[in-house]
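Colleague: Listed below are the residues making up each chain.
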Amino acid sequence: DAGVIQSPRHEVTEMGQEVTLRCKPISGHDYLFWYRQTMMRGLELLIYFNNNVPIDDSGMPEDRFSAKMPNASFSTLKIQPSEPRDSAVYFCASSFGGSSSPLHFGNGTRLTVT
Amino acid sequence: QQQVKQSPQSLIVQKGGIPIINCAYENTAFDYFPWYQQFPGKGPALLIAIRPDVSEKKEGRFTISFNKSAKQFSLHIMDSQPGDSATYFCAARLKAAGNKLTFGGGTRVLVKP
Numbered sequence: 001d002a003g004v005i006q007s008p009r010h011e012v013t014e015m016g017q018e019v020t021l022r023c024k025p026i027s028g029h030d031y032l033f034w035y036r037q038t039m040m041r042g043l044e045l046l047i048y049f050n051n052n053v054p055i056d057d058s059g060m061p062e063d064r065f066s067a068k069m070p071n072a073s074f075s076t077l078k079i080q081p082s083e084p085r086d087s088a089v090y091f092c093a094s095s096f097g098g099s100s101s102p103l104h105f106g107n108g109t110r111l112t113v114t
Numbered sequence: 001q002q003q004v005k006q007s008p009q010s011l012i013v014q015k016g017g018i019p020i021i022n023c024a025y026e027n028t029a030f031d032y033f034p035w036y037q038q039f040p041g042k043g044p045a046l047l048i049a050i051r052p053d054v055s056e057k058k059e060g061r062f063t064i065s066f067n068k069s070a071k072q073f074s075l076h077i078m079d080s081q082p083g084d085s086a087t088y089f090c091a092a093r094l095k096a097a098g099n100k101l102t103f104g105g106g107t108r109v110l111v112k113p
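Chains as they are written, first to last, in the numbering used here: chain A, 1 to 114; chain B, 1 to 113.
Derived from the structure by calculation, the hints contain no laboratory data.
Glycine included, C-beta positions come from ideal geometry on N, C-alpha and C.
Please note that a few of the clues may not be correct.
[As the list claims (entries may be wrong)] Which chain B residues stay away from chain A? Per the calculated CB distances, all over 12 Å, these:
(1) 16
(2) 26
(3) 27
(4) 28
(5) 58
(6) 62
(7) 63
(8) 69
(9) 71
(10) 74
(11) 78
(12) 79
(13) 81
(14) 84
(15) 110
(16) 113
[Unchecked claim] Partial list, derived from the structure: chain B residues whose beta carbon lies under 7 Å from chain A:
(17) 29
(18) 39
(19) 42
(20) 44
(21) 46
(22) 99
(23) 103
This is chain B alone, in the form it adopts within the complex (with noise of 0.2 Å):
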């Protein structure tokens, strides 16, 4: 029930594509969503983050779609751009757990010019 399964494990798009990456979860009691982007050599960065009781949340070109019933929510990146090339990783927290994170497997994306 910990779990947060992520897909895909990976992406090509052409510049200004839309890629869509999709996680699901199974425990309810997760209450908080972030998404996570990691260049390479780098530590993952926070990206955007949501909370259950919002459908959507967007911030520059990232958008997060939330279904609660569902329990599935998705990144979006509009007008995509090489320099958004990296791996992303959608999390959860349990807040029973503190600020203990699960994230999921990980989608890398390529932008090609």
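One chain only, chain A, in its complex shape (with noise of 0.2 Å):
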């Protein structure tokens, strides 16, 4: 299995412009999470999804950002406009079954916004 695969790697963009990174979990997981991670916060839970439901967005900084899991095999977050505060590395997390079963990390996209 490839893993999750997160893309692009690097954005760079500038404020108010919109941001869409993309994400692709493991097939056959039904959890997917997407977290935010900057050197003053470490890693924040902005929101997960269950069987492509949104379970918890609690997370989510404003309504400037936006998820969507059209399919098990596809979720975006947007940012619209971004601003130099989403500077971060975005991950996409998936898991298999809502017990201890570990999260599968991709390996991130990094966001940065002038």
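Once you've looked at the hints, go ahead and assemble the two chains, each given alone in its own frame, into the complex.
Modeller: What follows is the structure, encoded as structure tokens:
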């Protein structure tokens, strides 16, 4: 299995632009998570899905952020409009089952907003 | 009550030393405590995990010690090697919140040759 695949690996954009991050979870996994990592705040859970349905989006910073999972093999995290404080590494992770199954993380998207 | 506090932020040891990373939590409803290891440019990966009904778990050179009454747990890396240099995160899961993990702030470990 190729693991969780995220694209792009790096994104540099100007303030005010729309940014879309993409994730392909591991086939068969029914949970998908979006995390954000910064030096100041560490790893923060933004939102997670179960069977393509958003379960908890309480970590989404504000209305500028939105996430979708149109099918079991694809998810997007969109920021519109982007701001410099959104600069971070965004990780997608997936897991199978709701118990103590491990999270499998992608290699992240490093977002820089200038 | 959802927080997991991790210390130290960074650690430097010589090869063969035993880095120890500590985590503390408040919410007694947490029921699963994994540790993740992250190398530069990569996502975190599960290293080892423990449940609160167990006081210690070993996997290879990695050991988790768990103190339920103190609400603390720690990771020990025995006979540390330069290849263990990475950032380590403790985490805790609240069963009522599904498979949602709350992570500690991370500890950057450097093992010098």
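Colleague: The structure should be examined with respect to each hint, and the outcome stated for every one.
Modeller: For each hint, the structure was consulted:
| no. | hint | in the structure |
| --- | --- | --- |
| 1 | 16 | holds (29 Å) |
| 2 | 26 | holds (17 Å) |
| 3 | 27 | holds (15 Å) |
| 4 | 28 | holds (17 Å) |
| 5 | 58 | holds (18 Å) |
| 6 | 62 | holds (15 Å) |
| 7 | 63 | holds (18 Å) |
| 8 | 69 | holds (22 Å) |
| 9 | 71 | holds (19 Å) |
| 10 | 74 | holds (18 Å) |
| 11 | 78 | holds (22 Å) |
| 12 | 79 | holds (25 Å) |
| 13 | 81 | holds (23 Å) |
| 14 | 84 | holds (19 Å) |
| 15 | 110 | holds (17 Å) |
| 16 | 113 | holds (27 Å) |
| 17 | 29 | violated (15 Å) |
| 18 | 39 | violated (10 Å) |
| 19 | 42 | holds (6 Å) |
| 20 | 44 | holds (5 Å) |
| 21 | 46 | holds (4 Å) |
| 22 | 99 | holds (5 Å) |
| 23 | 103 | holds (4 Å) |
Checked against the numbered hints given earlier, this structure breaks hints 17, 18; the rest are met.
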